[in-house]
Structure formats: C-alpha cells, structure tokens
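Trainee: Protein chains in written order, with the numbering used here: chain Z, 1 to 502; chain L, 1 to 502.
Check before you lean on any hint, since a few could be wrong.
No distinction is drawn between identical chains; accordingly, a pair holds when it is met within one copy or between any pair of copies.
[Unchecked claim] Quick list of in silico lysine-lysine cross-link-like pairs, DSBU-like style, CA-CA up to 35 Å:
no. : residue 1 : residue 2
1   : LYS208    : LYS494
2   : LYS231    : LYS101
3   : LYS166    : LYS401
4   : LYS171    : LYS387
5   : LYS208    : LYS97
6   : LYS166    : LYS208
7   : LYS433    : LYS4
8   : LYS119    : LYS341
9   : LYS4      : LYS97
10  : LYS433    : LYS119
11  : LYS55     : LYS341
12  : LYS374    : LYS387
13  : LYS218    : LYS69
14  : LYS231    : LYS208
15  : LYS208    : LYS387
16  : LYS95     : LYS218
17  : LYS55     : LYS4
18  : LYS374    : LYS166
19  : LYS55     : LYS95
20  : LYS500    : LYS401
21  : LYS166    : LYS69
22  : LYS95     : LYS231
23  : LYS341    : LYS208
24  : LYS433    : LYS341
25  : LYS119    : LYS171
26  : LYS95     : LYS119
For the record, the hints were derived by calculation from the structure and aren't laboratory data.
Here is how the chains run, residue by residue.
Protein chains: 2
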Amino acid sequence: MSDKYQQLRELLGEIFDLEAASAVLHWDQRTYMPPGGNSVRALQIATLKRLAHEKFTSDELGATLEAAKAEVSSLDPDSDEVRVVQKVERDFDRKRKVPTKWVSEFFRITALTEHAWVKARANADFAQFQPHLEEVVELRRQYIEFFAPYDHPYDPLLDYFEPGMKTSEVKAVFNELRPRQVDLVQDIAERGTPVDGSMLHQPFDEGKQWDFGVEVAKALGYDFERGRQDKTIHPFTIGFGVDDVRITTRFDPNYLGTALFGTMHEAGHAMYGQGVSPNLDRTNLIEGASLGIHESQSRMMENLVGRSRPFWVAFYPRLQEVFPSQLGEVDLESFYRAINKVERSLIRVEADEATYNLHIMLRFEIETALMEGKISVGELPEIWNSKMEEYLGILPPDDAKGVLQDVHWSSGYIGYFPTYALGNLMASQLWIKIEEDIPNLSRQIERGEFGDLLAWLRENIHQHGAKFEPMELLQRVTGSGLSAEPYMRYLRNKYTDIYKLS
Amino acid sequence: MSDKYQQLRELLGEIFDLEAASAVLHWDQRTYMPPGGNSVRALQIATLKRLAHEKFTSDELGATLEAAKAEVSSLDPDSDEVRVVQKVERDFDRKRKVPTKWVSEFFRITALTEHAWVKARANADFAQFQPHLEEVVELRRQYIEFFAPYDHPYDPLLDYFEPGMKTSEVKAVFNELRPRQVDLVQDIAERGTPVDGSMLHQPFDEGKQWDFGVEVAKALGYDFERGRQDKTIHPFTIGFGVDDVRITTRFDPNYLGTALFGTMHEAGHAMYGQGVSPNLDRTNLIEGASLGIHESQSRMMENLVGRSRPFWVAFYPRLQEVFPSQLGEVDLESFYRAINKVERSLIRVEADEATYNLHIMLRFEIETALMEGKISVGELPEIWNSKMEEYLGILPPDDAKGVLQDVHWSSGYIGYFPTYALGNLMASQLWIKIEEDIPNLSRQIERGEFGDLLAWLRENIHQHGAKFEPMELLQRVTGSGLSAEPYMRYLRNKYTDIYKLS
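This is chain Z alone, in the form it adopts within the complex (with noise of 0.2 Å):
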C-alpha cells in the first residue's frame, strides 16, 4: 500500500532476517551442532542480535515509522497496517533503552552459559554453573536500571515476556490460586482413590514413541512440510518465518509421557506460528502476542486436549497397537487416570496439572527475590530445596533435579517462567468460549477431527500475531480479564472425577 509503511516493513524485513538467521543458529546449536563450534558460535549469535538491535533502534527507524504512523492514521485501528506501527513503536521505545553494547554481551555471554549449564546439569554441579549464573543476574541487574523508575524490579523483566503485565498482578493472581492448589493437592493425597501410574513407567521403543507422536501432532494440525522434529534435551519450539516454525523433543526409552506430552505441547507452540498470519511474515509480530498466550496454546494442546478423555477415545486403540506388550491389557480408563496421576514431583516439565503451578510460583518467589536483591546465586540449591520441601514435601536428590533442571536462566531468561502458568489459566478462560462456539468438540475429539479447534484458533488466536497485546487479545476473545476461576473450576473437576473425591 502507502510509502512510508512500505519503508518501515523493508527496514523490518532486514531486522528479522537478522533474528530469523540468529534462531537457525540457535536450534543448529542445540541439535547438530558438534562442540568445537560453540564459542565461535556465541559470537556469531552475538553479532546478529547486536545488528538487529541497532538497526530496530536507528533513527532511521525512528523516523520512517513516525512517517509511517502519520500515513496510516487513517485506517481501519484494527488493521495489520496500524498494529504493526504500533508495535514497532512500543518495541521502538522499549529497545532504544537498551544500550547495543550490553544486547552483544548479553547473547555473547548467554551463549555461552547455555552450554555451561549442558555441562553442570549433565555433572549435577551447581557449583560449575554458579559463576556463569551470576554474569546473567548480573546483567539482568543492569537491564532492570535502564527502566528506571518502575513499580518492581522484576517489571521490566516480566513485560519483556509478558507486554503490560505487572508483578504485582503476577503475584495477586498467584495468591490466589495457591492455597487454593494446595488445598486440591492435599485433597487428592488424603481423600483420592489411588491411582496407578506404573504402565507408563517401562521400557517403550523410541522409534516408536518418536512415530507416535509425530501422528498425533500431524492429526492435531501441525504441518511439517512447514516445520520439523528433532531430539535435544530441553525442548523447544523455534520459528525462522511463518512458513519454517520447527519444534524439539525429548525421549525419555523408560517413560511414555515425557516425549508423547512434550510434543503436543510443541505443538500447540509451533501451529500458532504456522497460524499467523502471512502479512506478518518478516516482521516481530510473528512471535505472538505474548508467552503466556503462546503457552495457552500449547498447555491446550498438552492438557485441555491431550490428557482429556476425549482425546484417548480417539488414540488410545491405536497406541495400543503400537505398544502392546506394555498396553495390550490396561483399558482405557486406566490409562486415563495414569496420564492424569497427581505426583509431588521434581521436574516441571514432567509435572501434572494440579502441582505445576507449584512449580512455576517456586521459580517466581526466588527470581522476584533475586531481583530484589534479597538473595544470592550461591543460595538458590538450598532455597530451591527448602521451598520444594515446603510446596511439595519433597527433596531433589541431587541440583540436575533441582535448581539445574531447566534452561531458562542460562539463556538469560529472568520473568519467563510465570507465563507458563499465566499461560494455564488463559487456555481454561479459552475453552469456556471454545466450548460455546464448538458445541460438539468433544463428539469431534472423540472422533480425532481437530479441523474446527484449529480453525477456531486460528480465527481469534493465530492470524493476529503480536497485533494485540496479550490482555487485549484475552478481553476481546473471552470479552473478561485474567482469572483464575475457569483453571480452578477445571482442575477441581477433573480431578473429582479422576480421584473419585466427591
């Protein structure tokens, strides 16, 4: 269309190429990769991010996209065209606080953290991890001055992940759900009918698992002529364009639900990619609204979708087949019940739904009080345990299944983790108003058809991209807020039901 815009989406295009070409080596690193290339690699990765970032903070930026928003004022506000400009400013506003010379640190150091943390994890030494910890928190530290003044230290770091959202709100939210959680948990362990959970812990061929789960994403409507599996050991999902969104996954030959979830889970990430709408293309409006939105996309398609029962009426006949030494004889509502099994467990990923808050406020409490100030890096094993013994009444064995377990802070992701739960309860306020607008989805669940879910998700959630921030998209899908409500309403019935609590 006009000028002006046309100018903007150029200088853009060059700026995702930029990220795109950073995200191929990032997943290249964490596949294919062989060790010698590492730290030549996180210069690399340095070098694109520090390009990208002065070119999205040039003035000439600054001054093609003040052109292009007096040229596009007139259109329709909800318009790719206006959203895209306002987009780019906010991110314009937020970057330009940004100096370039700590962006190229920051992924210069990360880089190599990251395979810092492989190393530690792989040898459950904290110690060998601590230094490196410490340069991000570091620089996490200086990232959160350049906001100054702001409500909470921890707000600038969580509205990177999260636009608009507040640490206070993250922790209101949070005050409510857990007792509330707690109490379910403690209700289950007390009042519950056992459940047993033991066929899903033996040996199950990872060829097998492997074609299993690549049915079940194609069946939801994952397209790998758009995308690809590989193995690596945190799984992810990465997007190079709408067309090329890929996603990893981790196998796991003596338990069936840590591959089989993880890439629903990917999934559910990865077809809100493919869903966006291609007049984004090389832009950062491909991303998604948010993380907490892009995670109520994919705990949908792990939770909402893949441990209901509906689903397995769909499946289970044919996982048995594939498996039926380890399945041949457990009937469908055994099965059921396992893949729903409430465990106070050590790893998050592996966690159920009514504990995996547990862990995401776990991780909250102590990054706020890094941030804060009110603790140390050197402190986090004994914290992290002490507070998983009080949540949870368990203690890891050892870091790699403590405070080693994930990925996130060696990437430098400080105020990623509250959105996975954030991320919960939008997919149950979701599928109140999917429900109203499917009224059979559960005959067509039943049935493996997932043609109406994913279209309906591409209508409200996909196309959009990043046009609306995560509170908007939310209010004008749902027409409410954030609640925790709809997710405790879930949870309470299900687990009546599973556990027999009523």
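Starting from the known structure of chain Z, arrange chain L on it as the hints suggest.
Mentor: Just chain L, lined up with the frame of chain Z:
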C-alpha cells in the same frame, strides 16, 4: 598487538560472523529445512550477504585497512598480520567494484534457483530450469562488466575462485592435457586387460556404509568433535569457523563407491578447513588459498590416498568384515582394480581419474562459450550431449544424468569447474614433494597411519589458509609452478599397472 590491526580484525570478525551465519543457513537449507522454509530463507541469506558486502566495502573498512597497512609495514612479510592485510586489501579492491544491490539480488536469486534445480533435476526437465539459469547467466554477465577491462570475459569469474589465474592459462594447460588423457583412455579401451567392477554394484546397507565412511574419515584425521556428517543430494563441505567444519555425503544403496569416495573427498576439504591456524579464525582467510588448492586436498584424499593400493592393504580386511556377503570372496587386487576401473561414464562426481578431467573440460568449454556470448542457455542440453559423445562416446539418457547433474550453476557458480582439474594437477605436484619428505609414506598408509601425512599438510598447506595466493603457495611448497606433467605421469603409471598396458 597493534591498535589499527586489532580494529581491522574486529571489523573482519563481524563480517565473518555474517558470512558464517549465512553458511549455517545454507547448510540448513540443504540438510534439514522443511520445504516451506525456502522462500523466506532466500531473503534471509540475501540480507546477510548484502550486509557482509556493505561492511566489507565500507569506507570505514577502507580507512582501517590503510591505517593497519601502515602499522604492520615493518613486520615480517610472511607474518599473519601482513598477509591478512594483503588479502583483505585484494578482496576490498575486488568487492568495491561490485554494487551491493547486485550482491543482494544475486544471493536472493540463486537461493531460489538452487531450489528450482532440485525440482528440475528430480523431473529430469531442463526446460523447467532454463529460465532460472538464464537469470543466473545474466547476473554473471553483469558481474563481469564490473571488472572491465579484462583479457577474457571469463577471467573475473575464474579469479573469484582461483585468485590470480587467467582463462588463457587454463586453456593452455587443458590443451596440453586433453590429447594425453584422450590417448590414455583410448589405450585402456583398446589394449587394457578388462577390469570387473561388478562387485561394487550390489546392495550395500546404508547404515553400514555410513559407519565405514566415518571410520575412514576419522582415520584420515577428520575431527568429528569439530565437524559432523549429514546426508544431501549433492555432497559438500562447509565451515563456520576452524572448529566447526562439516561434510555431507550422498548414499547410493546399490553402489559402494558414491558414499565411500565421496566421504574421503569431503574429509579432504574439511581437514583443510580444520587445519587453518586459529589465528586466522573469524577472517575470510579461513576459506583456504583457492578452490584449486582446496580440491588438491580433497582429490588427494579421494584418489592419491583413497584409490591407492597401500590404503586398501590397511582397510580392505575391515571392509570385507563389514560386507562379508558382498566382498568376502573378492581379493584385494580385484577390489583395487575395480575401484580404479576406467569407464566412459555420465556423472562427473563418480568419474574415474582417467576420464574426470574430460568432464571438467566439457563444462569449461560450455562456460567460456556462454560468457563469450557464442551459445545460449537454451542450447545447453544439446551442446552438452554432443560434447559427451565427442569426448566420452556416450549420450545421457536424460538431462538429470546430463546437463542438470551438478548444483554449481544453480548456485551461480560459473568459473568453479576448472578448479577441480587444477586440483588434480596440484595434488600430484604436492604428492611428489610429500613422498620426498616422508620416505616411508606408503608403508605408513599400509598400516592405516596418516599422522605424518596430516602433519605435513597442516604444516605446508592447511595452517596458512588464504595467506598465500594459490600459485605462490604451490611455488613455495614444490619449488615450481602449475604443471600437467606430474599428474599425467601418475595417471600413466597407475593405469599401465592396473590395465597391464606395458
């Protein structure tokens, strides 16, 4: 050391990071990228290449180069510092002639053209590829004009791959070679004792081919901690730094030679890349002196080592162990003769040493005629086929096995092919010197020991990267310039023995 030189290295480091990122994107495009990724990938690569070009040809680099040049002028003329400055100056002058707009367009077009080539080759349909190749040729014609005046329009293309080499020199050496190679092939056909190569054409399990290839590559000295192997249609070697140099290999389930000699060939390239001095990392000097010198390393491993009797004294028992039903009954001598069977065959990459250069001359003649404007792209299949008949007496059954067989033109690489033949010649020249310096080399190879050979190559060739131009390097190491004589003597001796010609 010095201030301005360090500044230059920092600028080069940034440019190298962009080039390396672009190489990772290329590697990914050819190995793992899903089909959907292609169109945006082309734009991403074009952006990276354009930015690298802009930075390399910037006034800032020019000024820093001048200052660094003055600063290092009193140092040893063979020091890294002086040679880096010289190489950068030469490339700066060359690249300044080429407009950034052309570079961007070239890499955008060729990324798409390569994809079109893959399809056209699969369909054996030249017509489908023709418009793309016409674009590439037109771009190359424009490129040539940036370097006017020139002795021959092919000179600027050749110089890109083989710095300092002239079309007239290649013509002269090819004119010397052609009749002697044709004579040899004719002698073999008329007077040679027939060789049975049929045992190589059987089903060979791909996984076992892979494992044996890796074993051989490791023995030769290719370091998998700083490299890796993947599968592609067209094999290649690519480096992202001296500590991450990767190879790819093509596997034919019914012919042992493709992967086996392909892996050795690429390992030869990759060992060069891994052997460049770390002092030269993050500069354009890690690419090696020229493609001809690079081919001297790959063809040496593939042929002078890999198709030699001593090599198979070491490895044949092991190969028989891996493929007992196919080779258990075949004796070493029969196997050795089979892998050196001379055939008038269609595919360059699988051609024997006696006919290989004829494949190259055919391509060189077509390329020079194209650039002289004497033939058009539409005529290529016809000309290809008639030259195949003239030089080798055979006619491709379709274009996939004819004019479409190589990836080079689709990548915009015109002027590349002659370097293969130059590599053959230089490998033989180097080998004479190596045998002088390592008198018991044959015995070492018979024992599967390649340490002295690799150390010699590291010392004399690899470590220098592009510090010396190819002819200077050859002169320094062998004491003489380019010569067809050693290669022809080597071929004549080898085939006189194998075909019992004397």
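Trainee: Decide, hint by hint, whether the structure agrees.
Mentor: Status of each hint after checking the structure:
For the homomeric pair LYS208 and LYS494, the shortest alpha-carbon distance inside one copy (30 Å) is at most 35 Å, but the shortest distance between copies (51 Å) is not. Taking the shortest Cα distances, LYS231 and LYS101 sit within 35 Å of each other inside one copy (34 Å), while across copies they are farther apart (39 Å). In this assembly of identical chains, the alpha carbons of LYS166 and LYS401 lie at most 35 Å apart only when taken from the same copy (30 Å versus 64 Å across copies). When the C-alpha separation of LYS171 and LYS387 is checked against a cutoff of 35 Å, the pair qualifies only within one copy, where the shortest distance is 17 Å, while the shortest distance between copies is 78 Å.
Proximity of LYS208 and LYS97 under a CA criterion of 35 Å is satisfied in neither setting, with 50 Å inside one chain copy and 56 Å between copies. Proximity of LYS166 and LYS208 under a CA criterion of 35 Å is satisfied in neither setting, with 44 Å inside one chain copy and 58 Å between copies. Proximity of LYS433 and LYS4 under a CA criterion of 35 Å is satisfied in neither setting, with 39 Å inside one chain copy and 64 Å between copies. Taking the closest pair of Cα atoms, LYS119 and LYS341 come within 35 Å of each other only inside a single copy of the chain (32 Å); across copies the shortest separation is 50 Å, beyond that limit.
Taking the shortest Cα distances, LYS4 and LYS97 sit within 35 Å of each other both inside one copy (25 Å) and across copies (31 Å). When the C-alpha separation of LYS433 and LYS119 is checked against a cutoff of 35 Å, the pair qualifies neither within a copy, at 45 Å, nor between copies, at 45 Å. For a Cα distance limit of 35 Å, the shortest separation of LYS55 from LYS341 qualifies neither inside one copy, at 50 Å, nor across copies, at 58 Å. For the homomeric pair LYS374 and LYS387, the shortest alpha-carbon distance inside one copy (15 Å) is at most 35 Å, but the shortest distance between copies (80 Å) is not.
In the homo-oligomer, the alpha carbons of LYS218 and LYS69 never lie at most 35 Å apart, since the shortest distance is 41 Å inside one protomer and 59 Å across protomers. Within a single copy, LYS231 and LYS208 get their C-alpha atoms as close as 14 Å, and across copies as close as 23 Å, so both meet the 35 Å cut-off. In this assembly of identical chains, the alpha carbons of LYS208 and LYS387 never lie at most 35 Å apart, being 38 Å within a copy and 51 Å across copies at closest. When the C-alpha separation of LYS95 and LYS218 is checked against a cutoff of 35 Å, the pair qualifies neither within a copy, at 38 Å, nor between copies, at 47 Å.
For the homomeric pair LYS55 and LYS4, the shortest alpha-carbon distances inside one copy (17 Å) and between copies (26 Å) are both at most 35 Å. For the homomeric pair LYS374 and LYS166, the shortest alpha-carbon distance inside one copy (20 Å) is at most 35 Å, but the shortest distance between copies (71 Å) is not. For the homomeric pair LYS55 and LYS95, the shortest alpha-carbon distances inside one copy (11 Å) and between copies (24 Å) are both at most 35 Å. When the C-alpha separation of LYS500 and LYS401 is checked against a cutoff of 35 Å, the pair qualifies only within one copy, where the shortest distance is 31 Å, while the shortest distance between copies is 69 Å.
Taking identical chains as interchangeable, the C-alpha atoms of LYS166 and LYS69 lie at most 35 Å apart only when both belong to the same chain, with a minimum of 28 Å there against 55 Å between chains. Taking identical chains as interchangeable, the C-alpha atoms of LYS95 and LYS231 lie at most 35 Å apart only when both belong to the same chain, with a minimum of 33 Å there against 41 Å between chains. For a Cα distance limit of 35 Å, the shortest separation of LYS341 from LYS208 inside one copy, 23 Å, qualifies, whereas the shortest one across copies, 44 Å, does not. Within a single copy, LYS433 and LYS341 get their C-alpha atoms as close as 27 Å, which meets the 35 Å cut-off; across copies the closest is 72 Å, which misses it.
In this assembly of identical chains, LYS119 and LYS171 lie within 35 Å of each other by CA distance solely inside one copy; the values are 34 Å within and 56 Å between copies. Taking the closest pair of Cα atoms, LYS95 and LYS119 come within 35 Å of each other only inside a single copy of the chain (32 Å); across copies the shortest separation is 43 Å, beyond that limit.
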